[in-house]
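Produce the complete structure using the sequences and hints provided.
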Amino acid sequence: MTNFLGVYFPEFFYVLCGLVCFLTAFRARKNESAKLGTMLFWALTGIIFMFGKILPSAVVGAMLIAMGCLTVTKQVKIGKFQESTPEFRKASSERIGTKIFVPAVTVGLIALILSFVKYDVVKDGVATPTALNGAIMTGVACVIALALAFVICKPKIADTKEDTSRLLMQVGAACLLPQLLGALGSVFAEAGVGEVISGMISSVVPQGNIVVGVIIYVFGMVIFTMIMGNAFAAFTVITAGIGVPFVISQGGNPAIIGVLGMTAGYCGTLMTPMAANFNIVPCAVLETKDPKWSVIKAQIPMALMMIVVHIILMLAIGFK
Amino acid sequence: MEYIKLIGILIIVLGFALKLDVLAVVLVAGIVTGLVAGLDFVHILEIIGESFVNNRLMSIFLIMFPVIAIIERYGMKERAAYLIGKIRNASAGKVLSIWMVTRSIASALNIRIGGHVQFIRPLILPMTSAAAEASKGCPLSEKEEEKVKGLSAATENFGNFFAQNCFPASASVVLIQSGLAVAGYDVSLSDIASSAIYVMVISVVLTIVQVLLFDRKVKGGRKS
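From first to last, the protein sequence lines stand for chains A and B. The opening residue of the first sequence carries number 1 in the working numbering; numbering runs sequentially from there. The opening residue of the second sequence carries number 1 in the working numbering; numbering runs sequentially from there.
Simulated from the structure, these hints should not be mistaken for laboratory data. Cβ coordinates follow ideal geometry from the N, Cα and C atoms, glycine included. Incorrect hints may have been included.
Straight-line alpha carbon distances no greater than 25 Å define the calculated SDA-like cross-link-like pairs of lysine to any residue that follow [what the hints assert, rightly or not]:
| # | chain 1 | residue 1 | chain 2 | residue 2 |
| --- | --- | --- | --- | --- |
| 1 | A | K99 | B | D191 |
| 2 | A | K320 | B | D191 |
| 3 | A | K320 | A | V212 |
Listed below are several chain B residues computed to face chain A (Cβ distance under 10 Å; list not exhaustive) [what the hints assert, rightly or not]:
| # | residue |
| --- | --- |
| 4 | V13 |
| 5 | L14 |
| 6 | G30 |
| 7 | E46 |
| 8 | L62 |
| 9 | K136 |
| 10 | C138 |
| 11 | L140 |
If you want it as structure tokens, here you go:
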């Protein structure tokens, strides 16, 4: 049972993701240009989703490089699609009414319910309650929502296949960026990039001044998060390298300084294209004109204000 | 010559700034960083491949695409616009403010409501842009449309990020605790979570200010 919930059942949903990719690869045969490259790109993506767990890692790495070669030579393109007409959408929205929201709301509701489900993982005779794998929560919710969407809208399968391929082609290679940046982070970690940076910062920071220490810690978190695209990675390195020696050991409350350090990192997340899943994928999903910076532009004022807020909060409540 | 290891960061910064192909830039940065750090090429491929597969959860939203395909073709956006149009005095700022409060509370309680694919594209964005149009009284300009999209996506991130540490068992709070424990400071999860409330409240207030300022801009845009 543990194996099923922890390993096999999540894989089932990755197989479904792979099917969406294969559908798109198959549709790419109708592309006007870059037919072969586009087909190959989405087929490789589908293979990695479906068989990622059983393929040797080096093979997956080589496939990713092949995919990078395809995108850099502009061999991956969006095909021409017949979109639904505004008249059709208006007429069917009047026919179906507010029921049209049921599938979208179902996704949230079911994922919510499933997030409360716990099952026991038995290790060395000790049972620990564990939450379901995230893939199961989203996967189950989406499959049920899809069934409801079919019942409520009664769509033509051919239309749904077309629209799904169009959505994926529009999001394009951006949908793989979060995973790839995660992989880059792993290479950085293995190469010891973090140690080099924290060494650099701590060699220029003067010790003994609380205000300077707080400012350097906050900016260290922001900048390091922007570089790595991940506040978690930054937190471990910067808190050990700067937060503890320059802020907490000078009388700071560890709980307050720690949590503020983490959210200071999130201010960096809001400003970096490295955090692709938060900043770049949404551009593709919402089809903004600017494929990289629309979301970040909207977030910069907030991020800058929150940086100031963090410095003030740390000084005001962090040393009691 | 430890600094040579930072070359990957330089490649990323230059590549993103020059708008080169992102996939290729990231791959080159990874391979070059690995090589200058003395890793073997096949080992670099293995690290990239393994980490990519382990991070598939980040792309699980692909599974939602067929659902969006159907509900958008059958008039979800049109229905959202119709319903918002019936509410008097609706505006983009009000819709986003309500979303920000809801999203923050959900995030603080670790309730899974949110996501750009799951919530923003099918629900929040259509309502926000319909409300913006209703308050302006005429269709949005391309620039305003772009701004509505940016703000809708941003609000999702604000609510998600700044409230999540209020939940004592969230991944980030656990990481903060273990990070502090390594340095010799034992702190309870609930101490950390209760310290996160200030940031959550301030972020909600600042977000509401930002989106309401946008409302004024949209209403002002009618005259021009």
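Hints, one by one, checked against the model:
{"no.": "1", "hint": "A:K99 / B:D191", "verdict": "violated (44 Å)"}
{"no.": "2", "hint": "A:K320 / B:D191", "verdict": "holds (14 Å)"}
{"no.": "3", "hint": "A:K320 / A:V212", "verdict": "holds (18 Å)"}
{"no.": "4", "hint": "V13", "verdict": "holds (8 Å)"}
{"no.": "5", "hint": "L14", "verdict": "violated (13 Å)"}
{"no.": "6", "hint": "G30", "verdict": "holds (4 Å)"}
{"no.": "7", "hint": "E46", "verdict": "holds (4 Å)"}
{"no.": "8", "hint": "L62", "verdict": "holds (4 Å)"}
{"no.": "9", "hint": "K136", "verdict": "violated (18 Å)"}
{"no.": "10", "hint": "C138", "verdict": "violated (17 Å)"}
{"no.": "11", "hint": "L140", "verdict": "violated (13 Å)"}
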